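If you're matching them up, the sequences are chains F and H in order. Residue 1 is where the first sequence starts when you use my numbering, and the numbers rise one by one after that. Residue 1 is where the second sequence starts when you use my numbering, and the numbers rise one by one after that.
Where hints are given, some of them may not hold.
Calculated from the model, a selection of chain F residues having no Cβ within reach of chain H, i.e. all distances over 12 Å [stated by the list, open to error]:
id	residue
1	Asn160
2	Lys266
3	Cys774
Restricting the straight-line Cα-Cα distance to at most 25 Å, the calculated cross-link-like pairs of lysine-lysine (DSS-like) are [to be verified]:
id	chain 1	residue 1	chain 2	residue 2
4	H	Lys217	H	Lys245
5	F	Lys279	F	Lys300
6	F	Lys147	F	Lys188
7	H	Lys237	H	Lys217
8	H	Lys245	F	Lys333
9	F	Lys355	H	Lys237
10	F	Lys142	F	Lys188
11	H	Lys22	F	Lys786
12	H	Lys501	H	Lys471
13	F	Lys392	F	Lys463
14	H	Lys237	F	Lys333
15	F	Lys463	F	Lys477
These are computed hints drawn from the structure, not numbers from a lab. Predicted model only: the values in this text are computed from it and were never measured. Think of the CB as a built atom: it goes at the ideal place given N, C-alpha and C, for glycine as much as any other residue.
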Amino acid sequence: MVKLLLAHQKAKAVGPQDSEDQATRGHSYQCSLQQKMEKMARVTTALGSNTISGCTMFCHLDAPANAISVCRDAAQVVVAGRNIFKIYALEEEQFVEKLNLRVGRKPSLNFSCADVMWHQMDENLLATAATNGAVVTWNLGKPSRNKQDQLFTEHKRTVNKVCFHPTEVYMLLSGSQDGYMKCFDLRKKGSASTFSGQSESVRDVQFSIRDYFTFAASFENGNVQLWDIRRPDRYERMFTAHNGPVFCCDWHPEDRGWLATGGRDKMVKVWDITTNRAKEIHCVQTIASVARVKWRPERKYHLATCSMMVDHNIYVWDVRRPFIPFATFEEHKDVTTGIVWRHLHDPGFLLSGSKDSTLYQHKFKDASRPVDKANPEGLCFGLFGDLAFAAKESLISGGGDSNRKPYGGGGDRRYPIFFFKKPDLTEQFAHVSSALSVFETDLESSRMDWFVKTARRYLLSGKPFGELCDHNAKVAKELNRPQVATTWTMLRIMYSDPGSLTTATGISKGGSIPLMNSFNMKEIAAGGLGSEGRLDRAKGETRQDSTHLDPGNSLLNNNDENEETEGSEGPADYLFGDAELEDDDLYPMENENATAEEAEYILPQEAFPLRHEIMDNPSVPEHLQDKVDSPHVSGNEAETVCLTPIKSFSLISISQPLYESHLPASFFSPVVREMLQHYAEAGDVQMAVSVLIVLGDRIRKEVDEVTQEHWYTSYIDLLQRFKLWNVSNEVIKLSTSSAINCLNQTSTTLHINCSNCKRPMSNKGWICDRCHQCASICAVCHHVVKGLFVWCQGCSHGGHLEHIMNWLKSSSHCPAGCGHLCEYT
Amino acid sequence: MDISDGRCRWDGLGSRDTSTRKIAMENISQEVLSRAEKIGPISEEVIQPLHSPVRSPDDLNWMLARLLMLSKRCPYSDVREKCLSVLQNVQDIGVRIPKPRGHGPSRFIPEKEVLQVSKVNAKMQVIFEDAFAALGRLDNISLVMGFHPQYLESFLRTQHYLLQMDGPLSLHCRHYIGIMAAARHQCSNLVNLHVNDFLQVGGDPKWLNGLKDAPQKLQHLGELNKILAHRPWLVTKAHIEQLLKAEEHSWSLAELIHAVVLLTHYHSLASFTFGCGISPEIHCDGGHTFRPPSVSNYCACDIANGNGTPDEIQGNHVVSVRNLDEEEASQEEMATRFEREKTESMLVAAAEDEDSVPTRDVSRHFEDTSYGYKDFSRCGEHVPTFRAQDYSWEDHGYSLVNRLYPDVGQLLDEKFQIAYNLTYNTMAMHQDVDTSMLRRAIWNYIHCMFGIRYDDYDYGEINQLLDRSFKVYIKTMVCSPEKTTKRMYDSFWRQFKHSEKVHVNLLLMEARMQAELLYALRAITHYMT
């Protein structure tokens, strides 16, 4: 106790000198002499408070705390809440209860504290804000048990905050829910002056530490006001700091122009108010509304925050690094309600009280550092397939050359770029320099041209199956993708009815098959290896994989071998022969598809108009198809092979008895399924999806819904990245999975601006709210245009497409009469 | 096909574009007339022997009722006129047409006092058109709220967001929860309204047979619904846990918040409906008549299966009042006043007990019919007073709602603020009056009935400001709204204008909603920590 007292006296002696010193510190940093003095001062303060040492510790309170405050000498802390008002001494290893201020037979509501503050000049003086609107001061020097000193009941609503003047002993400020702030002179019985915020409830009031007359007040409506204590009639300045209530504010202890505010909008903002307009200089986004904010002593950029809801942790932020907390204290089990740094000049200890009825002292060294757990690597693809990779330098260079090799392999170039941040002495973060490596991919191999071109040129629907396959094979071949081309050709052979090929399509296609094949094979055989060399590695693997994958299937296997080994004439003959060989097997097996094929071939005219109808009104065909019990389950997006269902049905029923099935209908399906999976895994999801669509019902049931959906989404995503909107739309439409289909039904909203006042039209309908005029009126008929609107780029008049067309047939002037000579092309 | 077609047709009427409306109207009138001609003058067939809960939109009666509604309530004059003429034509054919029953949107307020759809200023017209476009109707509630356009706008925006915009629950679930909540107060108005909506958004008609036919998940919500509606202070963390525990039929937090907001919204809206004596919607059951009132066809067993819980609670309520009084009174004079108010509010008996057996088929939607409001102070010995300073809407509730159901926190916040701060600085015949004291008294009195206490409020003020008849009215409306009578409505504040009484109702409704929300959200917060 003696020691304590001594220390206290010392601290007192240092007091004024210290504050003076701080004042000078702000102005003359360059002066080394000054700095030395400052250092000395700091040493003395540190000495003066040599009781500050300890560890992370806590004690149980009897009730939830609402606020805490610490005595100037950092030896005692007061905890206040609805049902608690106690003083604890901070000892080396534990909290010791010193005094219970909640005395008396019947505790009055005046004891129900929303806030408490310990005077920083007079260690005997405390003030509390009560939830019933009372402001109470307490004098610890009183001999009686009841230390209550003065009671001010001037506020009508809950008092949210009390604040002593930092240097003036008798000045106390309070802010209340009723929208008023009152300044009390403790020598008098009432308030010295009343400040009306003219707005909503006051949430926090804080005297400026440096500016004798200034205080800041934060409000429930998001405003912050700055007042001069001498002028109660009007605030000096006001600015809107947050969206929603500003729960707290805190002046920077060193920089007089800085004010930190925290609000319900989950943000902490640091304002520079030395300029004409308060300027936001830092902003920290937290994950919950900010209940308290406190600058960390001796660290210019650090502040501690705690939240009012959901989040129980205390964070210490470096405002220059707003994305990740500098340190976190995670001890509390319920929301933290009060935080205070233990000593004015010691950044090492933080005290906190919480709704979980505990009081903690956190030692800064024990804090967890989220930065350490953060993932320091970043990876990103560039527009042209380049890959950028940033990581801690130590991670990359640490491995040495052996580590570097794999990055640089395969002819890729690598740019190591190193970033060094200017070392900032005040910054507490571990010095991180990161290396950024950019991997440029080989232009040729990574070109996605083939993807775009393929996507554009592939036909997925609208023609008979055989033709589609042929067309796609041709496209693939022209793009130097022989394997894909062969796959298409094979698909056609596998799933087409040979009979129909030779008979029905005899003239148009009969010749094209062998021709296509031989051409195809020749090309491969001739330049086979050369073209393969041009393929990127993945491609090469693909090919190998495919040969490995398909050994079970003689047909595929044969073809692959052909493709790679045999001469130009051979494979064509062989392939064709192969197909013919299996004709007998194929023919009966494929009868279902074959008839379907035939049916479609006969009825193209019927099929097409139907599909147009489908597009116009999606609900109608659903009924239609339901009625005829079509095999297409969700049939409104017609497959290539989609026919008029009635017809095909009848045909099937007729044709079925005509043929004997020898092989199960799904003979090829496992192979094709494997092939699709292989393509998808090798990264060519385009092929997988295209085949899936073209084959339609033949294969759809073989692949499970989820996989299909996955393929579709990846392909659509790719298409959209390449801005192939039309193709992606087509794919969505043709997909049979309902999850994909509904993609087309979302975000179909179109936002339009009024043509008169250029404002967005918020309402439904055609009349603008603002100017009450119809938007987009046809210049010819003066009615609202609700479909295609065509307008002249010269005079910007226009209207219904038809009207304008007709008008310009007979006249060359603008229909609006503006005198412009419009042209319609 | 017909159904979707039919909906499109009615939707067309909500368009702002005259010609679209005209086309839609034309279609409807043709349809109606052709149907009417089919039936011909044999009007007997039109009378349905039994009311069936599921009525297809093809039903001629349904269409006629709808036309009648449109002729009265559509914000567009062209539609109103056309509807009238169609009805006239139908009558000429010889088919019986419906007549609106009752007088105007409210039974308590003379029709001429309420805003007429045909005579509104531009601003109201826009609000009405918006509402009409969103729901295809303009309900009586909106019309009565039309006394206070500023509030109405916020109310409709919130309701629209809750029912039709982004949210974790599916559309039909939302309406079903609305039905559940309104049914708790036997508010057949709201139930009928939302049964229609429920079917329109594709809800399963089977659910309407009662909660037992709804999915398990919704059944679980029944308990929370019951408690929130009548004794919200009993909601605990355990209830929330029960709903959220990971099982097949569990709720997600976001869904639960949505559901809770919906429940509280409809509980309080039921209060408003009864408090202002809102008449049944014209196109719903009971809003029009062309047949003898149908005999209710609910199953008796539905009512019977109330789980018998209330009896045990009934027993011990007398004792605790005194206990509580003593303990609290020893604290301070203020506390005594809060208690006095609380006990007084209890003595302000919910007026003459009319027979409260639920009529009509509303009772199918909830179980345990005998569970009702119990004065807070009677249960006081177990439940500590809720301190507003420890869990307030502004600080805590808002953050929680906004976190789990974005934007709704903002909407509700605005709605509460508008309701709380709404004033025209008039009272009865007096001008330039600061009504803030009175508004605060009403607000706090309601919260007091739910056991929410403000430390900084002198509950003595309530006694000075609110007279007994007014208290009776408030208490009835908030706690058991179905017992509100016209006599009660008339007997308080005799000199006041109807618009002011509606204003009071808005205040009551919002205060009640906030109180329920606070309890529910506090329980959720406890669950989360």
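A quick look at each hint next to the structure:
Not every Cβ of chain H is farther than 12 Å from the Cβ of Asn160(F); the closest lies at roughly 10 Å, contradicting the non-interface assignment. Here Lys266(F) does not stay apart from chain H, with its beta-carbon only about 8 Å from theirs, under the 12 Å limit. Distance to chain H contradicts Cys774(F) as a non-interface residue, since its nearest Cβ pair spans about 9 Å, not more than 12 Å. Distance hint between Lys217(H) and Lys245(H) is fulfilled; the C-alpha atoms sit about 12 Å from each other, no more than 25 Å.
Only pairs whose Cα atoms come within 25 Å are accepted, and Lys279(F) paired with Lys300(F) is accepted, the gap being roughly 18 Å. With a C-alpha separation of about 18 Å, the suggested pairing of Lys147(F) with Lys188(F) holds against the 25 Å cut-off. For the hint linking Lys237(H) to Lys217(H), the alpha-carbon distance of about 18 Å falls within 25 Å, and the restraint holds. Between the alpha carbons of Lys245(H) and Lys333(F) the distance comes to roughly 21 Å, so the proposed pair stays at or under 25 Å and holds.
Simply put, Lys355(F) and Lys237(H) have alpha-carbon atoms about 17 Å apart, close enough for the 25 Å limit, and the pair holds. Restraint check for Lys142(F) and Lys188(F): the C-alpha separation of about 18 Å stays at or below 25 Å, so the hint holds. For the hint pairing Lys22(H) with Lys786(F), the CA-to-CA distance comes to about 16 Å; that is within 25 Å, so the pair holds. Proposed proximity of Lys501(H) and Lys471(H) is supported: the alpha carbons are some 13 Å apart, at most 25 Å.
For the given pair, Lys392(F) sits about 56 Å from Lys463(F) by alpha-carbon distance, which is inconsistent with the 25 Å threshold. For the hint linking Lys237(H) to Lys333(F), the alpha-carbon distance of about 16 Å falls within 25 Å, and the restraint holds. Taking the CA atoms of Lys463(F) and Lys477(F), the gap is near 20 Å; set against the 25 Å cutoff, the hint holds.
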